[in-house]
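For the record, the sequence lines run as chains A and B.
Numbering-wise, the first sequence is residues 38 to 351 according to this note's numbering.
Numbering-wise, the second sequence is residues 911 to 1252 according to this note's numbering.
Please note that the accuracy of each hint is not assured.
Claimed, not checked - DSS-like cross-link-like pairs, simulated, lysine-lysine; straight-line CA separation at most 27 Å:
#	chain 1	residue 1	chain 2	residue 2
1	A	289	B	1058
2	B	1177	B	1028
3	B	1240	A	289
Said to hold, decoys possible - Among chain A residues calculated to face chain B with C-beta under 7 Å, some are:
#	residue
4	87
5	88
6	90
7	114
8	116
9	257
10	259
11	286
12	287
13	288
14	289
Derived from the structure by calculation, the hints contain no laboratory data.
Each residue gets a CB set at the ideal place from its N, CA and C atoms; glycine is no exception.
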Amino acid sequence: MMALSQLQRAIQGAVGRITGPRTVSAFKEKGVLSVSEFVIAGDNLVSKCPTWSWESGEPSKRKSYLPADKQFLITRNVPCLRRAASIEEEYEAAGGEVLLDNEDNDGWLATHGKPKENNGAEDDNLPSIDASEINKKNTIQSIPSYFGGEEEEDIPDMGEYEEADNLIETDPATLQTTYLVANEPDDDNILRTRTYDVSITYDNYYQTPRVWLTGYDESRMLLQPELVLEDVSQDHAHKTVTIEDHPHLPGKHASVHPCRHGAVMKKIIDVLMLRGVEPEVDKYLFLFLKFVASVIPTIEYDYTMDFDLGSSST
Amino acid sequence: EVLLEMLRVGGVSKICMSSVDEGFWHKLSSLKLNKLRLDESPIPITGFYAPCSHPQVSNHLTLLAESLPADSDDEPSSLLASQGNRNRCPVPGILLNTNTLESFYALDKQSLLKAEAKKIWDDIYSGKVEEDSSVLLRFLVISFADLKKWSFHYWFAFPALVLDPPATLVNLKPASQCFTSEEAESVSSACNKWRSKSSTADIPFFLVSIGSNSIATLRHLRELETCQNNGQKVLFGFYDPCHLPNNPGWPLRNYLAYICSRWGLGKIHFFCYRENRGFADLGLSLVGEAEISLSQGRSIGGRSHQNMPNVVGWELNKGKRGLRCISLAKTMDPTRLAVSAA
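Between the sequences and the hints, there should be enough to build the whole structure, so can you do that?
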């Protein structure tokens, strides 16, 4: 299986070299993007959702068909307040999913599809996440004994801070709580949460964008890619989400495999057109990120530009 | 008692300030193998930071592969990459990478910290801060890179000049409660304009001046006297990486040291600029009023440059003073990589 996928990758590399990057638009016909359309869509994402920016990545990995300063898109330090499994339970209960593609079991789940009849909330987004509730659930109550108290260390003991601080460094200010000084907040409600760097590259073989995830634990230490799978919808965790080399960054990263992206995007575009909405190529990444949200439901990256999916005409 | 409680919430937060991208360690490894070898001299590096952009998490000072200098002269220029943008304001720092764990532990951390703080202190007096305000955020990293085991020991320090007596926080509120609605709208749009213009987007310290017509303008620090002469209301603004509703983030400390030492101001308003999803959010941003004892300020100007204040700043790891360690054997060890690819 591994050997096969390597072979496949080699073939894809060769095909990529022979055919070269797509230059003719097939956005509406196939749901794919040409290189220049990717740049246009990326520019639009960066201007509408400014937490995203273009980066150039490793100089040695630069792709000549993309501008040097626009090799890929990234948004860093995106919170992921809880694991995907817990959200799925709630979701099933709410009945808010539709299968976009039911030809085979590779189908994509859309969280933005039609809710079941008795579900009043129309075009609902992700279940709302109340920060204080999460905080209680994940930080305070979950001190599992099987980790031998390791978790407990993650919860800062406020008493230790100042004491430790004064061991080496003398900061007279810390003794005076009325002064404006560097001390740890007394507030116990500091949310410790996983965070993600989410990046979008251009996949030359599938001619679609591709999403990559780099995870960090609660103290901003690199998360092993396997643990990233906990934040991926379990329907995708071992099929469409794989761990591979990033095309522009060092190391192994989790990625949503792009083999079905074109087909899914084509379906979304068809639905829009049926509803009388003429899809514009510069909005491609907004549509794309909304669909990616079904794969990584708990990672709160910026796809905020709310735009009409065309529901008004039906 | 109530008063005490209210004031206590103003402590400058310094939780979890640093973050290191995997690419940084890969680049450091190749730099050490190809260029540095046994050279232990300090390496100038660039850290990146941005204002808080999500109500639930703070931002960090981040090290990326581009933070390090090129490892050979003919490598394509990384100049492009080290340029800032709105999501990565470049901050100067120093990396000390030792050859052994013993020499890592033997480093005189207190004098290293002092030496970096001295640069900040000098930049305050020389006027360098007005040219490039990011020097107020200078940082230091010590590390030991074990290239046999692909593990990295490191420790960050963010030197903070200790005002003595310390500054007092008189008031701290969400910015939305401190402006009239006209002012708030104008402040928001001025901030968004500053953040979207490539020439100002990565400048982390600035002035917010509000005229009697409620129109707010963002200005460079060097324009302070102009604002004061025009009788405008002035706030000292900075990109605040912290998300906590009752705590300004760490850049405020050296900012206050700068304000009182350079400008001799005893009572000022500051503005902790924060965003939500990339746009100014005055509900998350804070406005505070600080009182700084002038005995250390301009009144003794000439002498005070000689007398550098105390310095603190070694980063805490999980609430304790201590180094961090990361193992990248899984992604760097060629034998493991061969096994996983087979």
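Hints and how they fare:
1. A/289 / B/1058: 20 Å, holds
2. B/1177 / B/1028: 25 Å, holds
3. B/1240 / A/289: With Cα atoms ~9 Å apart, residue 1240 of chain B and residue 289 of chain A stay inside 27 Å; holds.
4. 87: Since chain B brings a Cβ to about 3 Å from residue 87 of chain A, closer than 7 Å, the hint holds.
5. 88: 4 Å, holds
6. 90: Holds, about 5 Å.
7. 114: At about 6 Å, which falls below the 7 Å cut-off, the nearest Cβ of chain B leaves the hint on residue 114 of chain A intact, so it holds.
8. 116: 5 Å, holds
9. 257: 4 Å, holds
10. 259: OK, holds: residue 259 of chain A within 7 Å of chain B, min 6 Å.
11. 286: This hint holds: residue 286 of chain A lies near chain B, its Cβ roughly 5 Å from the closest one there, short of 7 Å.
12. 287: The hint holds - residue 287 of chain A has a Cβ within 7 Å of chain B, the shortest such distance being about 4 Å.
13. 288: 4 Å, holds
14. 289: Holds, because the Cβ-Cβ distance from residue 289 of chain A to chain B comes to roughly 5 Å (cut-off 7 Å).
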